[in-house]
Amino acid sequence: MIVAIIAILLKLVGVIFLFIAALGILRLSDPFQRMHAATKAGTLGAGLVVAGAMVAIGTVTAIVIGTLTVIFLLLTVPVAGHLLGRAAYVSGAELNVVSGRDALEGVLPRGGDRKG
Amino acid sequence: MIETVDSLLTGTAMVLLLLVMVPLAISAWRMIVGPGYANRFIALDMLTGVAVALAALTAVATGRRQFLDIAFGVALIGFIATCAFAALLERKGDGQ
Chain A
0 MIVAIIAILL KLVGVIFLFI AALGILRLSD PFQRMHAATK AGTLGAGLVV AGAMVAIGTV
60 TAIVIGTLTV IFLLLTVPVA GHLLGRAAYV SGAELNVVSG RDALEGVLPR GGDRKG
Chain B
0 MIETVDSLLT GTAMVLLLLV MVPLAISAWR MIVGPGYANR FIALDMLTGV AVALAALTAV
60 ATGRRQFLDI AFGVALIGFI ATCAFAALLE RKGDGQ
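Sequences listed follow chains A and B, in order. Position 53 of the first sequence, counted from 1, bears residue number 52 in numbering that gives the first Met the number 0, the numbering being contiguous throughout. Position 63 of the second sequence, counted from 1, bears residue number 62 in numbering that gives the first Met the number 0, the numbering being contiguous throughout.
It is worth saying that the hints were derived from the structure and are not from the lab. For every residue, glycine included, the Cβ atom is placed at its ideal position computed from N, Cα and C. Keep in mind that a hint or two might mislead.
Computed beta-carbon distance windows for the label pairs [said to hold, decoys possible]:
1) B:Leu7 / A:Leu103: 44 to 54 Å
2) B:Arg63 / A:Asp101: 44 to 54 Å
3) A:Leu103 / B:Thr3: 50 to 60 Å
4) B:Val4 / A:Pro108: 54 to 64 Å
5) B:Ala86 / A:Ile62: 16 to 26 Å
6) B:Ala86 / A:Leu103: 16 to 26 Å
7) A:Pro108 / B:Met20: 20 to 30 Å
8) A:Pro77 / B:Asp5: 35 to 45 Å
9) B:Val32 / A:Val63: 33 to 43 Å
10) A:Ile15 / B:Gly10: 16 to 26 Å
11) B:Ala27 / A:Val12: 22 to 32 Å
12) A:Val78 / B:Arg90: 55 to 65 Å
13) B:Ala86 / A:Ser98: 23 to 33 Å
14) B:Leu7 / A:Val106: 45 to 55 Å
For reference, chain B alone in the conformation it holds in the complex (with noise of 0.2 Å):
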């Protein structure tokens, strides 16, 4: 009963990470087009998001909680970017 619901958790897991590659590539996509640096930072904010869910999905999949971890730290990461990005953005110009 244990094993069943555990292989249950790993495998919608491992589904549910396979399904996370398809935002995780419209947005490296919008990155890459942009047009414009406005639209890539916010592409790379997404992502951030996407790779925080990641990292949560592969704790589950794989049993190791310390990928928990590591999505608190891109997490952490993450917001320090954006607002460095945001900062370049502001002070450099030429969002188009």
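Same shape as in the complex, but just chain A (with noise of 0.2 Å):
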């Protein structure tokens, strides 16, 4: 019974943090803040609902499995986050400054004029 009850709040609370993913997708202004949110939040609201299916279904390979999958999403994600923000600043993304200036000015080429 604790055992079902503790997956049934990993789930929920993995949910709660896709919705706030979703929010953050919806609502933010541009590229950057939108990856910003789909990263964070949404690895952590996959993460947790893997890990609630796995503790719900309780056998030994679900636990391997879902173990493995929450490391690689740990592992992979801020990897494939890292990429796009790179590729989306260099293809020249819309970009709103919130914090005064565009730190990666003059650091990385922004060929936002480059077409092809």
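Mind docking these for me? Both chains are given alone in their own frames, and the hints should help you get the complex.
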């Protein structure tokens, strides 16, 4: 019983984090802020849901596969987010500067006018 | 007692499956509306996360633990897809 309650709580918190990530995707104003919401909250939400399913099923295979999935998500989503952010900056995506200045100006080429 | 716990788990998993449709729809909307490739690829990244969660919830809702393997596979494919799309975006330009 207590295991079931823990599993349900984990899944519920995960779904709430997915909602927060979707809210960020919907409401924030440029691709970089949206990516910030999607990578952090989205990873945490998906990881918690997988952990909840793993606890709910409870067999050894499920626990091994679930742990592997969570570790893989935690390892790869930051890398994928970094790649996407760099690509979006280099390709000249819209950037609403909130903290004063564009800190990457002159560090990375920003080819907004370069087509093809 | 065992059956009550089982039905509780599958019932909540089904309700959560319905709830996860909302982030799925929002990400799909962002993917359709854009604007620009950068937003679409970010929405795709988010969609793979939601798909992993959906597969895990389906594993609990149906009692077939093979769906956890599907969650692992979707996570693997999603990472490769995001890397490929990032390389495409960096080479091709035009983030607007």
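Hint by hint, here is what the structure shows:
1. B:Leu7 / A:Leu103: 44 to 54 Å: About 50 Å separates the Cβ atoms of Leu7 (chain B) and Leu103 (chain A), which means 44 to 54 Å holds.
2. B:Arg63 / A:Asp101: 44 to 54 Å: This hint holds: roughly 50 Å between Cβ atoms.
3. A:Leu103 / B:Thr3: 50 to 60 Å: holds (56 Å)
4. B:Val4 / A:Pro108: 54 to 64 Å: holds (58 Å)
5. B:Ala86 / A:Ile62: 16 to 26 Å: Taking Cβ atoms as reference, Ala86 (chain B) and Ile62 (chain A) lie about 35 Å apart, which means the hint is violated.
6. B:Ala86 / A:Leu103: 16 to 26 Å: Since Ala86 (chain B) and Leu103 (chain A) have Cβ atoms about 19 Å apart, the given range 16 to 26 Å holds.
7. A:Pro108 / B:Met20: 20 to 30 Å: violated (41 Å)
8. A:Pro77 / B:Asp5: 35 to 45 Å: holds (37 Å)
9. B:Val32 / A:Val63: 33 to 43 Å: holds (40 Å)
10. A:Ile15 / B:Gly10: 16 to 26 Å: holds (18 Å)
11. B:Ala27 / A:Val12: 22 to 32 Å: holds (23 Å)
12. A:Val78 / B:Arg90: 55 to 65 Å: Violated: the Cβ-Cβ distance is about 18 Å, outside 55 to 65 Å.
13. B:Ala86 / A:Ser98: 23 to 33 Å: holds (29 Å)
14. B:Leu7 / A:Val106: 45 to 55 Å: holds (54 Å)
Checked against the numbered hints given earlier, this structure breaks hints 5, 7, 12; the rest are met.
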